[in-house]
Amino acid sequence: MSSSHTQDISVSVLLISLFSKEILVPKAMVADILSWDDELYLPAREHAKDWKIGNYLWKDKQVPLICIETLVDDKSVDAKMYKPKVAIIKSVQHISDDRHYAIRCDGFPRPLILGEQSLNNLAIELDQDWVNYAINIGSRELEILDFVQLENAIWASQEAYSHSA
632 MSSSHTQDIS VSVLLISLFS KEILVPKAMV ADILSWDDEL YLPAREHAKD
682 WKIGNYLWKD KQVPLICIET LVDDKSVDAK MYKPKVAIIK SVQHISDDRH
732 YAIRCDGFPR PLILGEQSLN NLAIELDQDW VNYAINIGSR ELEILDFVQL
782 ENAIWASQEA YSHSA
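Oh and the sequence shown: position 79 is 710 in my numbering, straight run, nothing missing.
The set of hints was computed from the structure by calculation and includes no laboratory data. Be careful, since some hints might not be right.
[Stated by the list, open to error] Only pairs whose alpha carbons sit at most 27 Å apart, straight line, appear in this in silico BS3-like list of lysine-lysine: (1) K721 - K652; (2) K716 - K692; (3) K680 - K716; (4) K658 - K721; (5) K690 - K680; (6) K716 - K658; (7) K721 - K690; (8) K680 - K721; (9) K652 - K680; (10) K721 - K692; (11) K692 - K658; (12) K716 - K690; (13) K652 - K716; (14) K692 - K680; (15) K658 - K690.
Work out the full structure: start from the sequences and follow the hints.
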């Protein structure tokens, strides 16, 4: 006897507002959302990449703090204009190492469920570095980053820094 169940395919994500764009991050990757605290922020050294703005103390360890806009759009964002929240992201590549990184964001992320129709409308962004997919929801274009490429850049930056010290 066969049963034909149609399984609803959906993905739970968080909509993270940055200063000039919005990104979607799978909910399972988000370890924590913190209010900004200047005492937990350790600015980057002079020779660091522009997008690596420092480290943020989280659970007694320093995690790399990055600015997505500077990385993706190659334009500087004035840190004074916003910095109310920090999203702590679990590495998709270094799960066994328990590696994390932080993204500066503007306000609390909002949960969304992407249903099958939304997932079918994902457009592959071949012309933009750092972005795997884009999706239009209403009049808003939301981007899904290439997290593997992002993490490779973060850890390469970290290792280069530790070797030069």
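### Query
Hint numbers the structure violates, sorted upward?
Those not satisfied: there are none.
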